[in-house]
Amino acid sequence: MNALEIRNLSKSLKGFKLDNLNLTLPSGCVMGLIGKNGAGKSTTIKLILDMLHKDSGTITILGKNNDDNIQLTKEDVGVVLDEVGIPECLTAKQVGKVMKYTFRNWSDEEYACLLHKFSLPDNKQFKDFSRGMKMKLGIAVAMSHGSKLLLLDEATSGLDPVVRDEVVEMLNDFTRDETHSILISSHIVSDLEKLCDYIAFMHNGKLLLCEEKDKLLAEYGVIHCTAQQLGEIAPSAVKHKKESSYGVEAIVLRKAIPTNINISPISIEELFVFMVKEAK
Amino acid sequence: MKGLLLKDFYMILKYCRAYLIIIAVFILASFLVNDDNLFFVFYPCLFSGMLPVNLISYDERSKWNEYSGTLPYSKSQIVSGKYIIGLIVQIIVFILTGIAQAVRMNMNGNFELNDYLAIIAMILFMSCVSSSISLPFIFKWGVEKGRLANFVTIGFIFAGSLIASKLFESDLQTEVTFNVIMLPALCILGIAIFAFSWYLSTVFYKKRETN
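Just so you know, the protein sequences line up as chains A and B, in that order. Residues 1 to 280 (our numbering) are what the first sequence spells out, left to right. Residues 281 to 491 (our numbering) are what the second sequence spells out, left to right.
It is possible that part of the hints are untrue.
[Claimed, not checked] Computed cross-link-like contacts, SDA-like style, restricted to lysine to any residue with a CA-CA straight-line distance of at most 25 Å:
| no. | chain 1 | residue 1 | chain 2 | residue 2 |
| --- | --- | --- | --- | --- |
| 1 | A | K97 | B | F484 |
| 2 | B | K486 | A | L72 |
| 3 | A | K206 | A | E178 |
| 4 | A | K100 | B | K487 |
| 5 | A | K100 | B | K420 |
| 6 | A | K93 | B | L480 |
| 7 | B | K420 | A | E88 |
| 8 | B | K486 | A | N69 |
| 9 | A | K14 | B | F484 |
| 10 | A | K97 | B | I292 |
| 11 | A | K127 | B | L367 |
| 12 | A | K194 | A | L208 |
| 13 | B | K487 | B | A475 |
| 14 | A | K97 | B | L367 |
| 15 | B | K282 | B | F320 |
| 16 | A | K93 | B | M330 |
| 17 | A | K97 | B | S356 |
| 18 | B | K487 | A | S12 |
| 19 | A | K14 | B | N345 |
| 20 | A | K36 | B | K343 |
| 21 | A | K17 | A | H53 |
| 22 | B | K282 | B | L480 |
| 23 | B | K487 | A | I70 |
| 24 | B | K420 | A | L13 |
| 25 | B | K487 | A | L230 |
| 26 | A | K239 | A | C210 |
| 27 | A | K97 | B | L286 |
| 28 | B | K343 | A | G132 |
Read the hints as simulated data drawn from the structure, not as lab findings. Predicted, not measured: the structure shown is a model, and the values here were computed from it.
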């Protein structure tokens, strides 16, 4: 079963259009939704949760259409938004009590364990938490009610590198169970590169690409060569090039490159920047 | 929906203590003023009606209004949560105000059941109407735009009341008279306005997108 299936999803908003989006997130996998601000990542997540009403298309979450009793489906979905959204005056302890009456499968033990693991104080108000602590509390809530799918909207942005690493580690732990899946959006590509099995690039409301990360990394590479060497390569294999007085740097299709040219691994960030430039 | 109510209860305890104190002070002050002045009697009911609006305002500030959309609550449950928490507070204030009014009239030695029932009916009406006008606007447009629409509506109602009182040359505040038909009708009208407001807010909020 797929954790998430999006088919032909469209939505028009003032000055923005999400255009015919198709995505499939298999169970047990992590998909990174990469795009610059305003690309449509948050809109996609809100449409999945029916916080925005779609113009057309279908969304299936954990095998259930999101038009059918979405409240019940949300019992199995943990969500962390960019600004978390927990009332500022509430303490972690009070948040636990509120969520106990919100989710049928809420686990006090799991929540207490996560608070301890993240070193989050019980009785400090949410407004006094740092950005990292706020995000960790949001994640603790999202993971304490037996969620099978996590939807994380910019959950790692604004965090310091140490906290970001902890969050990524925690999400890796979550996906050890093969029934657990994550859709995480971010414009910080390096975080997603560590975490994701699938990468989806979005730009101006359109999906540029959705592919397995390893396949992408196996397919594309970076070469550093002279202009003359580049001329020997089939033009269709050169996806992007940057020339300078020191030589040429190019993003290429690995399989079409002669063996005498050394190919370096490409990063997802390099690939993303290239795709966005191509789309312009 | 228990979770929504518990969250609002925590917020009232934290943010609305001043409200509760002001309401208590006004109820106590109603003992000290003369019988003709019903301002201190009616004000706590009007004031308590502002509580749900303030809770929504805090929700918007903390982005809870977005976050609640990710939780397993329907939009009608989210709306109902605010009406129910408002109703609980208003029932408490209504009971306290009613008791205070009875005590005051007894202390002044002028307790008349007809007069008392007339005041109680007006308190009930005001309790029902105080939040009913603003909440549908706020659920439709959010607190900022909703408050503006609310002020405009209240302005129209106030102007309408002034014109009506001029036309009938009656002073509702000092010459409340018992009427077998009028008082139950006033109570039913208040409850009907409250119920319609609840329905309208639900319709508006279901259409509203959390963006």
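We went through each hint and held it up to the structure:
no., hint, in the structure
1, A/K97 / B/F484, "30 Å, violated"
2, B/K486 / A/L72, "17 Å, holds"
3, A/K206 / A/E178, "29 Å, violated"
4, A/K100 / B/K487, "28 Å, violated"
5, A/K100 / B/K420, "29 Å, violated"
6, A/K93 / B/L480, "35 Å, violated"
7, B/K420 / A/E88, "24 Å, holds"
8, B/K486 / A/N69, "14 Å, holds"
9, A/K14 / B/F484, "20 Å, holds"
10, A/K97 / B/I292, "16 Å, holds"
11, A/K127 / B/L367, "28 Å, violated"
12, A/K194 / A/L208, "21 Å, holds"
13, B/K487 / B/A475, "19 Å, holds"
14, A/K97 / B/L367, "23 Å, holds"
15, B/K282 / B/F320, "33 Å, violated"
16, A/K93 / B/M330, "28 Å, violated"
17, A/K97 / B/S356, "22 Å, holds"
18, B/K487 / A/S12, "15 Å, holds"
19, A/K14 / B/N345, "21 Å, holds"
20, A/K36 / B/K343, "22 Å, holds"
21, A/K17 / A/H53, "13 Å, holds"
22, B/K282 / B/L480, "22 Å, holds"
23, B/K487 / A/I70, "16 Å, holds"
24, B/K420 / A/L13, "18 Å, holds"
25, B/K487 / A/L230, "57 Å, violated"
26, A/K239 / A/C210, "17 Å, holds"
27, A/K97 / B/L286, "8 Å, holds"
28, B/K343 / A/G132, "17 Å, holds"
Hint compliance for this structure: hints 1, 3, 4, 5, 6, 11, 15, 16 and 25 are not met, and every other hint is.
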